[in-house]
Amino acid sequence: MKKLINDPADVVKEALQGVAAAHADRVRVLTEPNVVVRADAPVQGKVGLVSGGGSGHEPMHGGFVGMGMLDAACPGEVFTSPTPDQMLAATKAVDGGAGVLHIVKNYTGDVLNFEMAADLASSEGVEVQAVVINDDVAVQDSLYTAGRRGVGATVLAEKICGAAAEQRRSLAEVADLCRRVNANGRSMGMALTSCTVPAAGKPTFELGASEVEIGIGIHGEPGRERRELAPVHDIVSMLATPIVEDLPYNSGDSVLAFVNSMGGTPLIELYIVYNELNKFLSGRGITITRNLIGPYITSLEMQGCSITLLKLDDELTALWDAPVNTPGLRWGV
Amino acid sequence: MKKLINDPADVVKEALQGVAAAHADRVRVLTEPNVVVRADAPVQGKVGLVSGGGSGHEPMHGGFVGMGMLDAACPGEVFTSPTPDQMLAATKAVDGGAGVLHIVKNYTGDVLNFEMAADLASSEGVEVQAVVINDDVAVQDSLYTAGRRGVGATVLAEKICGAAAEQRRSLAEVADLCRRVNANGRSMGMALTSCTVPAAGKPTFELGASEVEIGIGIHGEPGRERRELAPVHDIVSMLATPIVEDLPYNSGDSVLAFVNSMGGTPLIELYIVYNELNKFLSGRGITITRNLIGPYITSLEMQGCSITLLKLDDELTALWDAPVNTPGLRWGV
Amino acid sequence: MRISYGQASDWVRAFAGAVADNKEYLTELDAAIGDADHGINMNRGMQAVLTKIDAGAQPDVGALLKTVGMTLVSTVGGAGGPLYGTLFLQMGTSAAGKAELSGEDWAAALAAGVTGVQNRGKAELGDKTMIDTLVPAVDALREALGEGAGLGDALARSAAAAETGMKATIPLVARKGRASYLGQRSANHQDPGATSSWLLIRAAAQTFAGSGAGHDAQ
Amino acid sequence: MRISYGQASDWVRAFAGAVADNKEYLTELDAAIGDADHGINMNRGMQAVLTKIDAGAQPDVGALLKTVGMTLVSTVGGAGGPLYGTLFLQMGTSAAGKAELSGEDWAAALAAGVTGVQNRGKAELGDKTMIDTLVPAVDALREALGEGAGLGDALARSAAAAETGMKATIPLVARKGRASYLGQRSANHQDPGATSSWLLIRAAAQTFAGSGAGHDAQ
Ligand SMILES: Nc1ncnc2c1ncn2[C@@H]1O[C@H](COP(=O)(O)OP(=O)(O)O)[C@@H](O)[C@H]1O
Ligand SMILES: Nc1ncnc2c1ncn2[C@@H]1O[C@H](COP(=O)(O)OP(=O)(O)O)[C@@H](O)[C@H]1O
Ligand SMILES: [Mg+2]
Ligand SMILES: [Mg+2]
Ligand SMILES: [Mg+2]
Ligand SMILES: [Mg+2]
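Residue numbers (our numbering), protein chains in the order written: chain A, 1 to 333; chain B, 1001 to 1333; chain C, 2001 to 2218; chain D, 3001 to 3218.
Just chain A, with the same shape it has in the complex:
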């Protein structure tokens, strides 16, 4: 394992120290338990937005704390859901009297820990609602399973709900909006390489020199299917077809297209993916009216990409365009 780290046990702690040193203008980093909080939290009268999850997905979530997006993020160990005490501390730190929304990715660990935290916060008198994001079409959904994973739509939900919260919308409204983003967003990802959890010290899976995993999540877990490497034209079709057919996205729809690097795939390849996606969608009469291209929800140094589509209307578009000022996403200010 070659990484720019000291001790695998200190990865999260030292990365958070780096974040604290780099972005003191926008965030504070609490320790014991670890929470990244907006510098001016709690914002009185504003719904507080809290998310969290395992580390290793940077900039998500800590890099999305700031004006117009999250009020706090709870970083767990690498690929490990954070604990309820972190979520409780975050919830209390951002409660400005208008309640707190927990944006939870659908993983058993995240869901259970956030549930425990919400119980604790409620018992301390903080109004909490939780929305679970589950946009990954690679996973067969069923009442009898853990359901679909939450992936790329999480980033979009955090941005859009963050904008709505800045407008002082109510907790119920922001939660509804979050469900709306989730309902209109779909994702699918693929890997060219595995990644190495620092504490594990070796790659989570092994891929042959010309193999790829289709339908991966963001935790280095194997995907739905292993297959031979193909031209990106075909890869995009493998990812985008199940996405557009699932919701479905139809001719005439406007979408936000989010082409995400899993961490190790550089921008030059992402733009080629975007080019193929644009052609794929045009061919179906779907128009990309907004886009996001880069490493935003990553899986350590994994090479690969994911595609997320979000069906847009005027309101979602306006909220997407609203100012945001976080270390990971910034415009309009």
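Do not take every clue at face value.
[Claimed, not checked] Here are some chain D residues the structure puts well away from chain B; computed CB gaps all over 12 Å: (1) A3031; (2) D3054; (3) V3073; (4) G3078; (5) A3099; (6) S3102; (7) D3105; (8) A3111; (9) A3112; (10) R3120; (11) G3121; (12) G3146; (13) R3178; (14) R3185.
[As the list claims (entries may be wrong)] To give an idea of the interface, some chain A residues facing chain B are shown, with a C-beta separation under 7 Å as derived from the structure: (15) A22; (16) A24; (17) N275; (18) L300.
[As the list claims (entries may be wrong)] Lysine-lysine pairs mimicking DSS-like chemistry, simulated, CA-CA at most 30 Å apart: (19) D:K3052 <-> B:K1013; (20) D:K3167 <-> B:K1013; (21) D:K3023 <-> D:K3066.
Hints are computed from structural coordinates only; laboratory data are not their basis.
Note that beta-carbon positions come from the ideal geometry of N, C-alpha and C, so glycine has one too.
Please arrange chains B, C and D with the ligands on chain A, whose structure you already have, making use of the hints.
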């Protein structure tokens, strides 16, 4: 070679098509020859800023085209300096009557091609100045060699000169400022892995499972020294010591610290690097007053990082803080 | 034939030791169908538990188990943290105020813990989770005690049932937790949580058998 | 013993063929001390040259060489583009308006080209660049012609000197171009540009020897 591409020969072309499709609000992409131009170019009365270089360093340079930064970028083939006809087309496209500055990284190919282009542009009546960036302390400087490479300081020069050009400073002033950024900036990089030029199809060099290259450039070339992997604490000291001793940066100095990913190193590691750098500099009485952390001048999918320091004064700080609106760097607007 | 505070805490220590010894193994099982952290997470948690219980004795067995649960909840994370945390918290509630446990107390506490895990995680038998180890372990324990077996025997039968349950996860297609994302590809792998749960049950059989609760000590 | 337009263009084609055949080899040499693109770049450029010269004949040898130079400048990029571009452009200027070249014309054109490369790149003999191949090649050519050798012989001696110069780059520490960044680590590798230049000179000896300019055709 596993990459998200179609044909290696089409990498640059298709990535540019992706850029054109994604960022039509801010840039236009010309073909034959390839140039990325600010959408509203030429801006009358403003010095035009042109840079360029091989592709594979994204977002540099094409991602830095837009208000407050470059007016045009010339993308060459992967790791190959662009050609004079690209630079000539760019220069003519951005000439708003106040002259054009060529920001050139010190590589023989870039220097020679930009020289030829400047001759051609001058002969067509466009006033051109060129500034060569050579901030890489890994390379021993000498009158009898090609001198130092231009690396991380290029990004900072493009941002700072872009802000000055927006203020309608003269070509001579913007060129002077560019030389000042270069004079006050120093960089050094390292690699954990090699990278694969698409057309070559295999890694440029091979590194053992616990080897790193210290003092690399941005073209997958071997560095000054191969050594055993070390904790990031030591790596940062290997990179930062020659940097601070070269200029030198002294106790009491304020600096911009730029921690850059070579493309394949994820943000979580960069923040650990930043944390170590912050401690290293604090220990010498040097204060980081601005920072930039992320993949901005990359070497395809190479894992590794580079550190760039720029000594700041009030003017450089204000120009750094000025609004910028490019696909790769955005704030204040 | 009663479980003292010391024995209960020895059990916790034995489980911590087994987790530490099997850290890589559990993580490898999790790499195959999950995210390669189960051993790392459980070990981080159990090391924190050791630090906690080394720092001073708790008032009684119930308090001890609650402390273990609280510590796991706040140090493990992932699915394992709330699930094992709940297991110990509910065991602690069941054993609240008791300075020592009879065999029936132990069985009742374990059953309460497992019910807690089921309430929290909503997994059924056959979903390929730790439930596939824990439910047979509780059932066998109760059955043995009901048949009048000594605690040592009952614990041995419980551990055997746990092991069978653990191994039975191998052919299953996961329906809960992260492994469920793999669909059919989750088959032919032993579930990591079922494996750590077997270590827990086996530690009880070993710890309590080797002391006053041993099967000859009826 | 004169070089016709057809022979000149055969030489360009022969160079293109040699570059194509040695594309991987040149790129590997460049990977060792540069950035692994020299073969790829030169091949892209020479393929563009072939397309260009296949599209229609140029008015004369000078125009042909200029077209080659212009095409290389606008398709190769890197250091190779302007340097090889300049070589051909200056050769074209030297041969301007000539329908065919004498041995002396050829030597003068090549010398002008190499001087152009030196003016542009500022490399000296021993800097571990294409200059280490080209300067000895020109010197040997002129010396041979001065001694009254036939063009075929002179070209053979030129090619031999080019090869010696190319091999002499192996022990050198680079002082120009990308390899200079490596310092001492650039030693013990043959320079890629010196190697492509040897292909160029060798192609001349082979092309012109095998036709009217051959060494028996004095
Ligand atoms: N809903 C559930 N109910 C019971 N056990 C579960 C459930 N979901 C997951 N598990 C158990 O948790 C184990 C994984 O734990 P761990 O790796 O620590 O968490 P994570 O999956 O969050 O990385 C699985 O092997 C399984 O036994
Ligand atoms: N200043 C120079 N003068 C002459 N030749 C040079 C000079 N700099 C580099 N070269 C030649 O260029 C070759 C490299 O060409 P190429 O790989 O195409 O360009 P780049 O170095 O830009 O990738 C070197 O092997 C060397 O022979
Ligand atoms: Mg996990
Ligand atoms: Mg090159
Ligand atoms: Mg796990
Ligand atoms: Mg090269």
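We went through each hint and held it up to the structure:
no.	hint	in the structure
1	A3031	5 Å, violated
2	D3054	19 Å, holds
3	V3073	6 Å, violated
4	G3078	4 Å, violated
5	A3099	29 Å, holds
6	S3102	31 Å, holds
7	D3105	26 Å, holds
8	A3111	21 Å, holds
9	A3112	17 Å, holds
10	R3120	6 Å, violated
11	G3121	7 Å, violated
12	G3146	32 Å, holds
13	R3178	6 Å, violated
14	R3185	6 Å, violated
15	A22	5 Å, holds
16	A24	10 Å, violated
17	N275	4 Å, holds
18	L300	6 Å, holds
19	D:K3052 <-> B:K1013	21 Å, holds
20	D:K3167 <-> B:K1013	37 Å, violated
21	D:K3023 <-> D:K3066	24 Å, holds
The structure fails to meet hints 1, 3, 4, 10, 11, 13, 14, 16, 20 from the earlier list, while all remaining hints are met.
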